[in-house]
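Trainee: Keeping their order, the protein sequence lines are chains A and B. Here the first sequence is numbered in the numbering used here, starting from 16 and rising by one per residue. Here the second sequence is numbered in the numbering used here, starting from 358 and rising by one per residue.
These aren't lab readings, by the way, just hints derived from the structure by calculation. Be aware that a few hints might be false.
[Said to hold, decoys possible] Straight-line C-alpha distance at most 30 Å; calculated DSSO-like pairs for lysine-lysine:
| # | chain 1 | residue 1 | chain 2 | residue 2 |
| --- | --- | --- | --- | --- |
| 1 | B | Lys685 | B | Lys526 |
| 2 | B | Lys705 | B | Lys685 |
| 3 | B | Lys685 | A | Lys75 |
| 4 | B | Lys757 | B | Lys685 |
| 5 | B | Lys705 | A | Lys75 |
| 6 | B | Lys376 | B | Lys674 |
| 7 | A | Lys75 | B | Lys405 |
| 8 | B | Lys685 | B | Lys405 |
| 9 | B | Lys757 | B | Lys705 |
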Amino acid sequence: MITVTFTAPDGAEIAASARPGLTLMEAARDACVPGILAECGGACSCSTCHVYIDPAWTAKLPEAEEMEVDLLDFAVEVDPETSRLSCQITLTPELDGLRVRVPARQG
Amino acid sequence: MSHIAVIGAGQAGSALAAKLRALGFDGRLTLIGAEPVAPYQRPPLSKKYMAGDMTLDRLFLRPQAFYDENRIDLVTGCQVEAIDPEAMTIRMADGAAIAADQIALTTGADPIRLPAAMGGALPRVYTMRSLADADAMAPEFTAGRRVLIVGGGYVGLEAAAVAASRGLKVTLVEMAPRILARVAAQETADWIRAVHVAHGVEFREGCGLQGLTETDTGAYAAALSDGTTVTVDFVVCGIGVRPATALAEGAGLTLDNGIAVDAFGRTSHPRIFAAGDCASFPWQGGRIRLESVPNAIDQAEATAASMLGQGAPYVAKPWFWSDQYDVKLQIAGLNTGHDRVVVRPGDKPGSQSHWYYRGATLLAVDAMNDPRAYMTGKRLIEAGHSPLPEAVADPAVALKALPLADDLAA
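Use the sequences and the hints to build the structure in full.
Mentor: As structure tokens, then:
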């Protein structure tokens with residue numbers, strides 16, 4: 016299992032445990048992390064699963080594809096260095112220990 | 358302790374129950390579903406799940422722990438027989454009755470089935486609505502088999518895309534003069550059709566299915582209204598849904614294209630609410646009923662707040678999506694009443710958007726592989742702004758710099 020630590024907008028930390036192959040969004044959903052809406056269920060259609068990746072981890076993630084970049088552009092309070100759509104990040108063993116911050120709102 | 362019962366454990370019911378707890382409801386909360394599984398996502402059934410690209414565990418909306426931690430008593434595989442609106446009791450199929458202080462109806466919609474007289478009772482005639490439907494037809498989706506898709510709406514087209522991608526021979530019949538006749542402009546229908554034709558799908562539009570008969574070899578012969586017969590191995594019907602209103606009707610609630618609710622999700626009974634695909638609500642001086650996940654979630658959450666006396670009127674922000682092959686279609690707004698469609702080429706090959714106008718007012722945008730056009734259109738529509746059509750049609754004008762008609766008027 017892969018452990019991911021989510022920091023909620025209020026500063027609370029939630030440790031999520033997920034199997035490889037699930038997306039970061041699904042890990043958050045299954046751990047009941049608040050603030051990740053994922054209205055489209057991970058179809059890269061809505062940009063309501065926006066998260067900030069801990070700067071120490073951004074380089075370890077595969078680069079965002081064009082569709083994700085386009086949608087991210089319309090998310091709220093985007094940080095060009097760390098913002099990603101969590102539904103587009105597939106968890107692999109290399110991401111064990113990943114740290115992620117949840118934005119205050121999803122637009 | 359007060360008790361809220363939510364009847365219908367789909368996307369709306371699940372969102373409504375979750376929101377009640379998130380807003381601090383501390384009483385007893387029961388979520389009752391007719392299907393034998395926990396609430397799950399329906400959209401992938403005709404997309405990724407059908408294609409075998411998504412496993413069952415990823416389909417569930419929430420893990421079991423969520424219901425436990427939030428003290429949501431999830432009752433699955435349970436058919437509600439009737440609601441007694443005077444006594445505020447719910448009668449189950451097994452005869453048990455439970456009392457509730459408030460009831461939310463999130464019963465969704467049921468697929469329209471092909472009448473038995475037309476061959477609808479044949480074993481390999483499928484509908485596409487539930488997990489059981491998808492699982493039942495999954496073994497049919499093997500290369501070389503022949504499938505007839507009845508209905509050229511989004512569900513039928515998505516099933517056609519999965520079938521064609523997996524090497525099946527696909528024929529799609531649509532009774533209306535063209536596919537997507539109810540939901541999209543000719544321009545969008547033409548664009549989508551071309552993608553399917555390139556993948557080998559054969560279209561018969563303006564052509565109805567008259568009936569299915571089983572042949573000597575066990576195949577199905579489909580007699581079509583153009584006088585031809587197509588022989589197939591199985592049939593998928595995507596001919597629409599009807600709002601599931603039987604319980605509401607039995608309880609004497611007002612119906613109007615679904616269970617009629619006000620902007621607060623209230624039915625004609627003061628302690629019974631409704632949300633999602635089953636409910637029609639006020640919209641721009643009339644009423645509409647939306648069949649979509651975003652509306653199910655948003656309306657359910659607004660209704661949950663109303664049930665706790667914290668409500669604000671629900672204002673729908675309609676949006677939809679469909680995945681077919683490598684095409685992502687995203688739709689913002691409702692195009693009802695449009696008198697003009699403006700075509701905007703996308704930045705990349707294979708991307709385009711269609712902007713629906715009524716006079717100078719932007720109503721909706723269909724974006725094919727063009728999320729920037731979709732998001733721009735969505736923002737503008739929700740803010741009540743309309744860009745000048747000439748600028749929209751000119752790809753040299755950047756989406757973020759579209760001049761607005763309202764600016765000129767000001």
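Trainee: Are the hints correct? Go through all of them and say.
Mentor: Here's how the hints hold up against the structure:
With a CA separation close to 23 Å, the supplied pair Lys685 (chain B) and Lys526 (chain B) stays within the 30 Å bound. Under the criterion of a C-alpha separation no larger than 30 Å, the hint pairing Lys705 (chain B) with Lys685 (chain B) is consistent with the structure, at around 13 Å. Note on Lys685 (chain B) and Lys75 (chain A): the hinted pairing holds, with a Cα-Cα distance of about 28 Å set against a maximum of 30 Å. Only pairs whose Cα atoms come within 30 Å are accepted, and Lys757 (chain B) paired with Lys685 (chain B) is accepted, the gap being roughly 21 Å.
Between the alpha carbons of Lys705 (chain B) and Lys75 (chain A) the distance comes to roughly 28 Å, so the proposed pair stays at or under 30 Å and holds. Distance check on the hinted pair: Lys376 (chain B) and Lys674 (chain B) sit about 19 Å apart at the alpha-carbon level, within 30 Å; holds. Taken as a hint, the Lys75 (chain A) and Lys405 (chain B) pair is honoured in the structure, with Cα atoms around 27 Å apart against an allowance of 30 Å. Our distance criterion of 30 Å between C-alpha atoms is met by Lys685 (chain B) and Lys405 (chain B), whose separation comes to about 13 Å.
A distance of roughly 17 Å separates the Cα atoms of Lys757 (chain B) and Lys705 (chain B); the hinted pair therefore holds under the 30 Å criterion.
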